[in-house]
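Novice: Listed in order, the protein sequences are those of chains A and B.
Taking my numbering, I'd label the letters of the first sequence as residues 1 to 219.
Taking my numbering, I'd label the letters of the second sequence as residues 1001 to 1107.
Treat the hints with caution; some may be incorrect.
What the hints assert, rightly or not - Quick list of the computed label-pair ranges, beta carbon to beta carbon: (1) S1091/B with L153/A: 40 to 48 Å; (2) Q1067/B with A213/A: 43 to 51 Å; (3) W89/A with R1101/B: 26 to 34 Å.
If you're looking for bench data, these hints aren't it; they were derived computationally from the structure.
Positions of the beta carbon are idealized from the N, C-alpha and C atoms, including for glycine.
Given next are the chains, with one letter for each unit.
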Amino acid sequence: MKRLKRRVGVALLLAAAMPGLAAAKPIAFAHGTTVMAEYGAGTMEEAQVFYAPTYKLSAGLGYLALDSEDGGLSRDIVYGRVNYLFKRWNLEDAQGNVFGWGGIGSAGTGTDDSELFTWNAGAQFDYETRRFYASLKTDYFDSSSFSHRIDTLQLGVAPYKHEFSTLATWFVVQGRQYTGGIQSGTEWALLLRLFKRGAWIEAGPTTDGKLQAMFMVNF
Amino acid sequence: MRTAILVLMALLAVPVSAETIEMKVNGLVCGFCAQGIEKTLRKNPATADVVVSLEEHLVAVATRAGQDIPDNVLREALTSSGYDIKAITRSDTPIEDIRARLASHEK
Chain A
1 MKRLKRRVGV
11 ALLLAAAMPG
21 LAAAKPIAFA
31 HGTTVMAEYG
41 AGTMEEAQVF
51 YAPTYKLSAG
61 LGYLALDSED
71 GGLSRDIVYG
81 RVNYLFKRWN
91 LEDAQGNVFG
101 WGGIGSAGTG
111 TDDSELFTWN
121 AGAQFDYETR
131 RFYASLKTDY
141 FDSSSFSHRI
151 DTLQLGVAPY
161 KHEFSTLATW
171 FVVQGRQYTG
181 GIQSGTEWAL
191 LLRLFKRGAW
201 IEAGPTTDGK
211 LQAMFMVNF
Chain B
1001 MRTAILVLMA
1011 LLAVPVSAET
1021 IEMKVNGLVC
1031 GFCAQGIEKT
1041 LRKNPATADV
1051 VVSLEEHLVA
1061 VATRAGQDIP
1071 DNVLREALTS
1081 SGYDIKAITR
1091 SDTPIEDIRA
1101 RLASHEK
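Looking at chain A on its own, in the form it has when it is part of the complex (with noise of 0.2 Å):
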């Protein structure tokens, strides 16, 4: 009930921050808001609201749930987090970022009603041009009973080259694994990417037939 009440306070604040739309990443522009949710097959589900009062900072608030692929663990987080660009590279046709972030938080774990303090930090190193697309994120969280990590591999390649204002079409193989007893092994997923403006979404299914998505507004 607890995590039920989590999920839909994530629903109407997302809701809240939807209107005022009108571009979106963990940093977009300075002055910019991103909007995030993530589905992750069943196993992961996160959503985030960042501000950037610059390009190199932002901050805002998460919601991240886990289920073990056994059904014997939940993780319920709700954090506040920096994120941080601490290197770009703009090359005359590249573009290459190193991102970190770090934050704090509240944990249920589903065995009780009591209150985790939860910390967090990760990282995320990132290559793309017009037609290819490389990324390695990795997603620390800590408290006095548990911790894991989620590890997410993406490499994409584009049919064409998109420009500014059109449709802009990837195909992304994903690899993602977690730590501390969530899943076991490497889960895969291909996924078509679309994006044009400030709207992103990205879906399709991983090895087991489970769906993948991802939505993301800049504005």
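Guided by the hints, dock chain B onto chain A, whose structure is given.
Specialist: Frame of chain A, contents of chain B only:
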């Protein structure tokens, strides 16, 4: 005298031509990520129109008649959007011509 006055009036009646500023920008590979450029530049009261081309690494701004945007303001706008300007040039080429040229490349 009358002719001189007419010529003077005709000259004064010619509107000051609007200027187009073209900026070569590195890192322009993702339309989604570059939305901040257009948003930031359009906030400037001197901006009449903005065109962005990933293919030509180009950001073009048409200014309102008789107005200009200083280079330091342009660099700040692009930097705050997360990009680097490599060069800035000004011309009287209508931005519609630039838009048409870019559209022809997309076909």
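Novice: Indicate, hint by hint, whether the structure satisfies it.
Specialist: Hints and how they fare:
| no. | hint | result |
| --- | --- | --- |
| 1 | S1091/B with L153/A: 40 to 48 Å | 45 Å, holds |
| 2 | Q1067/B with A213/A: 43 to 51 Å | 46 Å, holds |
| 3 | W89/A with R1101/B: 26 to 34 Å | 29 Å, holds |
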